[in-house]
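Novice: Given next are the chains, with one letter for each unit.
2 protein chains.
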Amino acid sequence: MAHDIQIVTEAELRAAVGLDLTTIGIIEQAFAALAKGGVVMPPILSMDLHAANGEVDVKTAYIPGFDGFAIKVSPGFFDNPKLGLPSLNGLMILFSAKTGLVEALFLDNGYLTDIRTAAAGAVAARQLAPAHVETAGVIGTGVQARLQMQAAHLVRPFARVLVHGRDMDKARACAADLARALGITAEATADPAALVAESQLVVTTTPARTPVLKADWLHPGLHITAMGSDQTGKTEIEPAALMAADAYICDRVSQCEVSGELEAALASGLWTKGTPAELGEVIIGAKPGRTSPDAITICDLTGTGVQDTAIATHVRARFGNAGTIIRA
Amino acid sequence: MAHDIQIVTEAELRAAVGLDLTTIGIIEQAFAALAKGGVVMPPILSMDLHAANGEVDVKTAYIPGFDGFAIKVSPGFFDNPKLGLPSLNGLMILFSAKTGLVEALFLDNGYLTDIRTAAAGAVAARQLAPAHVETAGVIGTGVQARLQMQAAHLVRPFARVLVHGRDMDKARACAADLARALGITAEATADPAALVAESQLVVTTTPARTPVLKADWLHPGLHITAMGSDQTGKTEIEPAALMAADAYICDRVSQCEVSGELEAALASGLWTKGTPAELGEVIIGAKPGRTSPDAITICDLTGTGVQDTAIATHVRARFGNAGTIIRA
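So the protein sequences, as listed, match chains A and B.
Every letter in the first sequence is one number past the one before it in full-length UniProt numbering, and letter 32, counting from 1, is 32.
Every letter in the second sequence is one number past the one before it in full-length UniProt numbering, and letter 138, counting from 1, is 138.
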């Protein structure tokens, strides 16, 4: 039976949906729902395409009380820049949670993923970072380096940001962009240890396969969000740091075990603290997060289907019947 | 970077793509590719939505040499008929196998799945049924009961078809439709044992959770295709029948173990013949299928991502730039 499907392009989405406290609040509620139970979130479907130097992830989640659920497809094809194309693409499909009918297609080329990922970083900062952050640091110089700092600044309005990357030119460009976007002091640094030493909030945003942040660098009153690792074999934080922190919090334990920082910590035998808390459990108060200003906290974000369902239903509500309607 | 995406509706697809020997050949080639190696086909992402009496499956596969790969999303919401809506829906997304960019959206509401599923039944019949089939039987009275018989008739032009279902009215309606579509004798029967006894080719098309076809009913020169079971807990064929058959062939062993007929046979401990052959291995001659006219063969179809990639790339090639183009 034919029904109307709303199709919205990246340009239309960019014009209408941004990174703001509303979006952050919606992503926070999604994590809370995950902790409250009733959410159905199957393991990520992940397809590794060696022959094409690519990978594809499919994420989804059903959240009780939400009238839709999203299925998000994220291809990453890493030879694309040679062709003048971005590596990351994809789309989100919004289904009715009552009938399973396709309601909307968000042809976002990964934009909504960028937004919901940065929003999760802000949720982690709001829940776990010290109340006062003077200096924030970011390791990595890509899209998420910029968005994570912009998102964190909405909840911890720091006065200064430090940027580290292997390529100093890229680090300087990222710092310049952040200075302009946030109206604050921004500096590129070649020394990640100094960056961590001077920061109260650090976000790692790299696809590293060997740690970029050492356990020795931890200091009282530090919060770290590691958001780059999302595939088996990737790791940004030395396993010993997870044990040394007062609290190590996962977005989803079952994902962090196989594709987050916990993977390497378990493989090395260093992790002996049992099942970590999840971010949603901290949000609803079921598990402790930061317990003192001097505590050291780490949040491991691998990206969850609840974020996709939350952002997609938010966009749908905001859009009404805009975009192109196709009867199919 | 914005690029063109082709959007094709169910009505446009129905007008252009049908169940024919071309489609059957394409699905046969997809199974052959699966056996030749190099295919990447991750486990099905399956989400069970108890609260909505629904389920969602996501399938995909990358086939070397194909310039695209499909991701297929199939929601099944079983309270929909109460709302005047079909239970099954969904869409296929075709991605470039080189760049991962979305190339086409087939808003087919499950139509392409119907076609590629029936085509797989025809491949099984062509590979495994006796060379001469006088009478074919189908258990089940839904869309696939009709399509499976139409597909099988293209490769084994039987003169008579028998239809069994729990509801005799539906069985009679299905038989009437088949008589009209195929121009042959079609009869509804209340006795599935008699249906099997009189048939050389039987297809089971039910969502049964207790077997609808007994091992005692097997007879020389019989081929059975079981295509209804596609979820853990579903079973159509008595486990003893799998052992009693001369050949039991899976579309994909790893899927049949968890959601096909092999699941119950393994759980009961009855299956002791090791790893079954796959349909693709029979197609390329790597494993035997039917070895004599009197042999008893069973093919277990759970539905594979290679079928989706094969039908989607076929449709794309046939369509050129028809449908609606959206720049996103």
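Keep in mind that the hints are not guaranteed to be accurate.
Where chains are identical, the list cannot tell them apart; a pair therefore holds if satisfied intra-copy or between any two copies.
Okay, derived cross-link-like pairs now, SDA-like style, lysine to any residue, Cα gap no bigger than 20 Å in a straight line [what the hints assert, rightly or not]:
1. LYS170 / PHE319
2. LYS287 / ALA2
3. LYS98 / SER292
4. LYS287 / LEU270
5. LYS36 / ALA173
6. LYS98 / GLY84
7. LYS214 / ARG172
8. LYS273 / THR189
9. LYS98 / HIS50
10. LYS82 / ASP57
11. LYS214 / ALA16
12. LYS273 / THR291
13. LYS234 / ALA317
14. LYS82 / ARG14
15. LYS170 / ASP216
It is worth saying that the hints were derived from the structure and are not from the lab.
Since the model is a prediction, treat every value here as computed from it, not as a measurement.
Novice: So, for every hint listed, does it hold in this structure?
Specialist: Here is what the structure says about each hint:
Taking identical chains as interchangeable, the C-alpha atoms of LYS170 and PHE319 are never at most 20 Å apart, the minima being 35 Å within one chain and 44 Å between chains. For the identical chains of this complex, LYS287 and ALA2 are neighbours neither inside a copy (47 Å) nor across copies (44 Å), given an alpha-carbon limit of 20 Å. For the homomeric pair LYS98 and SER292, neither the shortest alpha-carbon distance inside one copy (44 Å) nor that between copies (50 Å) is at most 20 Å. In the homo-oligomer, the alpha carbons of LYS287 and LEU270 never lie at most 20 Å apart, since the shortest distance is 22 Å inside one protomer and 47 Å across protomers.
In this assembly of identical chains, LYS36 and ALA173 lie within 20 Å of each other by CA distance neither inside one copy nor across copies; the values are 42 Å within and 48 Å between. Proximity of LYS98 to GLY84 under the C-alpha cut-off of 20 Å is restricted to the inter-copy arrangement: shortest distance 13 Å between copies versus 41 Å within a copy. In this assembly of identical chains, the alpha carbons of LYS214 and ARG172 never lie at most 20 Å apart, being 23 Å within a copy and 72 Å across copies at closest. Within a single copy, LYS273 and THR189 get their C-alpha atoms no closer than 34 Å, and across copies no closer than 64 Å, so neither meets the 20 Å cut-off.
Taking the shortest Cα distances, LYS98 and HIS50 sit within 20 Å of each other only across copies (11 Å), while inside one copy they are farther apart (38 Å). Taking the shortest Cα distances, LYS82 and ASP57 never come within 20 Å of each other, neither inside one copy (22 Å) nor across copies (34 Å). Proximity of LYS214 to ALA16 under the C-alpha cut-off of 20 Å is found in neither arrangement, the shortest distances being 40 Å within a copy and 59 Å between copies. Taking identical chains as interchangeable, the C-alpha atoms of LYS273 and THR291 lie at most 20 Å apart only when both belong to the same chain, with a minimum of 17 Å there against 59 Å between chains.
Within a single copy, LYS234 and ALA317 get their C-alpha atoms no closer than 36 Å, and across copies no closer than 38 Å, so neither meets the 20 Å cut-off. Proximity of LYS82 and ARG14 under a CA criterion of 20 Å is satisfied in neither setting, with 25 Å inside one chain copy and 39 Å between copies. Neither within a single protomer nor between protomers do LYS170 and ASP216 lie at most 20 Å apart by alpha-carbon distance, with minima of 26 Å and 72 Å respectively.
Consistency with the previously given hints fails for numbers 1, 2, 3, 4, 5, 7, 8, 10, 11, 13, 14, 15, ordered from lowest to highest.
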